[in-house]
Amino acid sequence: GAGVSQTPSNKVTEKGKYVELRCDPISGHTALYWYRQSLGQGPEFLIYFQGTGAADDSGLPNDRFFAVRPEGSVSTLKIQRTERGDSAVYLCASSRQGGDGYTFGSGTRLTVV
Amino acid sequence: AQSVAQPEDQVNVAEGNPLTVKCTYSVSGNPYLFWYVQYPNRGLQFLLKYITGDNLVKGSYGFEAEFNKSQTSFHLKKPSALVSDSALYFCALRRDTDKLIFGTGTRLQVFP
Chain E
1 GAGVSQTPSN KVTEKGKYVE LRCDPISGHT ALYWYRQSLG QGPEFLIYFQ GTGAADDSGL
61 PNDRFFAVRP EGSVSTLKIQ RTERGDSAVY LCASSRQGGD GYTFGSGTRL TVV
Chain G
1 AQSVAQPEDQ VNVAEGNPLT VKCTYSVSGN PYLFWYVQYP NRGLQFLLKY ITGDNLVKGS
61 YGFEAEFNKS QTSFHLKKPS ALVSDSALYF CALRRDTDKL IFGTGTRLQV FP
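So the protein lines, in turn, are chains E and G. For the record, in the first sequence the residue sitting at position 82 is 82 according to this note's numbering, with numbers rising by one throughout. For the record, in the second sequence the residue sitting at position 62 is 62 according to this note's numbering, with numbers rising by one throughout.
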């Protein structure tokens with residue numbers, strides 16, 4: 001597609017529930033990144049995919065967070081047993097070959113109530 | 001440890017005046033530095049980057065940034081601010097791996 005698409009744009013969920021956030025990168029971009037942006041903060045790195053594999057998942061805060069990219073294009077960020085502290089905007093970005101000016105999606109605003 | 005600092009939470013400037021948004025960094029070795037802009041309810045948009053070469057980097061929308069190795073700074077500048085430049089600006093650093101380390105952001109407010 002023309003840009004990085006993230007769905008849903010907004011998600012409200014109850015504490016303890018499971019959520020999935022989807023990212024559809026620019027066609028042909030092999031690198032895909034997930035970041036989390038809390039209110040008043042800069043984006044924080046979560047995980048980076050090169051193709052289908054997670055090249056760096058050092059930013060995932062705990063084992064409730066997991067991400068997949070099974071066919072090397074669309075990626076899903078999965079959060080189990082959501083907590084109120086998970087509330088943030090989750091940003092996805094892609095690039096042709098790691099680094100060099102990513103293209104970001106508009107983000108998914110997750111609110112855990 | 002690698003880090004990026006944006007010392008100003010907000011910068012106010014009158015339309016037509018020059019603007020500067022400050023960024024300093026800490027890294028061992030040569031940094032790759034970026035500026036992004038974020039408008040309300042929008043994703044981050046790439047403005048410019050410094051990888052190597054000329055210390056003055058020109059980017060989108062008339063913005064430029066000056067890399068200063070001795071002061072470990074990468075300040076964003078524009079000669080004449082527009083009201084439409086009002087947004088949140090992030091400086092970011094990349095080193096070794098492909099992940100970006102972002103500053104906390106500076107809100108630029110341009111007054112008519």
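Think of the hints as simulated: they come from the structure by calculation, not from any bench. Treat the hints with caution; some may be incorrect.
[What the hints assert, rightly or not] Restricting the straight-line Cα-Cα distance to at most 25 Å, the calculated cross-link-like pairs of lysine to any residue (SDA-like) are:
1. G:Lys-22 <-> E:Phe-45
2. G:Lys-22 <-> E:Glu-44
3. E:Lys-78 <-> G:Gly-53
4. G:Lys-77 <-> G:Gly-53
5. G:Lys-49 <-> E:Ser-27
Status of the hints after comparison with the structure:
1. G:Lys-22 <-> E:Phe-45: With a Cα-Cα distance of about 22 Å, the restraint between Lys-22 (chain G) and Phe-45 (chain E) holds, given a limit of 25 Å.
2. G:Lys-22 <-> E:Glu-44: holds, 20 Å
3. E:Lys-78 <-> G:Gly-53: violated, 41 Å
4. G:Lys-77 <-> G:Gly-53: Status holds; Cα separation ~18 Å.
5. G:Lys-49 <-> E:Ser-27: holds, 23 Å
The structure fails to meet hint 3 from the earlier list, while all remaining hints are met.
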